[in-house]
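K.L.:
Residue strings, one per chain:
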Amino acid sequence: MSNAISALNGATWAEGIAAVTEAPMQGMITLRGPLSDAKLKKAATTVAGVDMPGAGQAHVADDRGLCWMSPDELLVLCPYDDVAANTETMQSHLGDLHSLCVDVSDARAVFDLSGPHAREVLAKLVPVDMAPDQFTPGMFRRTRMAQVPAAFWMHDSDTIRIVCFRSQAQYVFDLLTTAAQPGSAVQIF
Amino acid sequence: MLILTCPNCGVTGEETEFHAGGEAHLKRFGPGSSDGEFETYLFMRENPKGVHFERWRHVYGCGKWFHAARCTTTLEVFGTYSAQVTEPPKEIRDTISEKRPGWTWRDFA
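Taken in sequence, the protein lines are chains D and C. Going letter by letter, the first sequence gives residues 2 to 190 in the working numbering. Going letter by letter, the second sequence gives residues 199 to 307 in the working numbering.
Calculated from the structure, these hints are not laboratory results. For glycine and all other residues, C-beta sits at the position ideal for the given N, C-alpha and C. Take the hints with a grain of salt, since some may be wrong.
EDC-like, lysine to aspartate or glutamate: derived pairs with alpha carbons at most 20 Å apart [to be verified]:
hint	chain 1	residue 1	chain 2	residue 2
1	C	Lys288	C	Glu235
2	D	Lys125	C	Glu252
3	C	Lys262	D	Asp73
Derived coverage of chain D by chain C (criterion: at least 3 residues anywhere in the stretch with Cβ under 8 Å from a Cβ of chain C; other residues may be distant) [as the list claims (entries may be wrong)]:
hint	segment
4	67-75
5	137-147
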């Protein structure tokens, strides 16, 4: 099998007020269906190893987790190499439930934005209140980052993990590095 | 700028995160209808100064459609509600009546 590499091959930039790092390939499975159904819950939690998140929440530990995308969609995170096996496991749990379970790992790019000014850098790009008491760890937000769709959550206290489409990875990387230029801190948070 | 709350995912965002989908509560007239009805369905739209009902889609978020009741002059949003209804729910109409007594919009009041 060919050697899968991420969109920007792990590009990093740390000369500004926050560090931007492209994360290595992350396994992602889109799961659509009735989120309250026991079969679906079982399928999702078995492969992700975390509890079901509530609306607007993400439960992520390292490279495994569950993100609430919409009232009928979950994003299942798992190690890239386990995606095929996990998809099969999930499908066996789902059985004949009307649902959809698809590998979307290669359609996405993942960035880590870290440092004490990470919130500030992201606040310049998204129409979301990034104040520490408003956007808290555990929350998951899909929104617009400048001109492209993106989703993010607090991966730890000063790291924000951002997911975007792979075809827009260079655009998002450029956005983040521009917003994190040295001397551009607003000191709002 | 409009601040809308998506009733599907509960996110409150500003209007660039959403996409307008035109007038709400249109009744479709398709094959078999009269020319007059079809023309009205296809072309005739409200253009009110004040209370208005629209369809919106949370395009950068959960991707779901919903309805919004708002004021075209002040951009005040009276409320948002499910897309799966054919008329504004009572709570929304009551809220509007409180803030804009005597309002009418098409057949609703």
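K.L.:
Indicate, hint by hint, whether the structure satisfies it.
P.N.:
Results of checking the hints against the structure:
About 28 Å separates the Cα atoms of lysine 288 of chain C and glutamate 235 of chain C, which puts this hinted pair outside 20 Å; it is violated. For the suggested pair lysine 125 of chain D and glutamate 252 of chain C, the alpha carbons sit about 30 Å apart, so the restraint of at most 20 Å is broken. Annotation: proposed proximity of lysine 262 of chain C to aspartate 73 of chain D holds, straight-line Cα distance about 10 Å (limit 20 Å). Counting residues of the segment 67-75 of chain D whose CB falls under 8 Å from any CB of chain C gives 4; the rule of at least 3 is met.
Counting residues of the segment 137-147 of chain D whose CB lies closer than 8 Å to any CB of chain C gives 4, so the stated coverage by that chain holds, three being the minimum.
Consistency with the previously given hints fails for numbers 1 and 2, ordered from lowest to highest.
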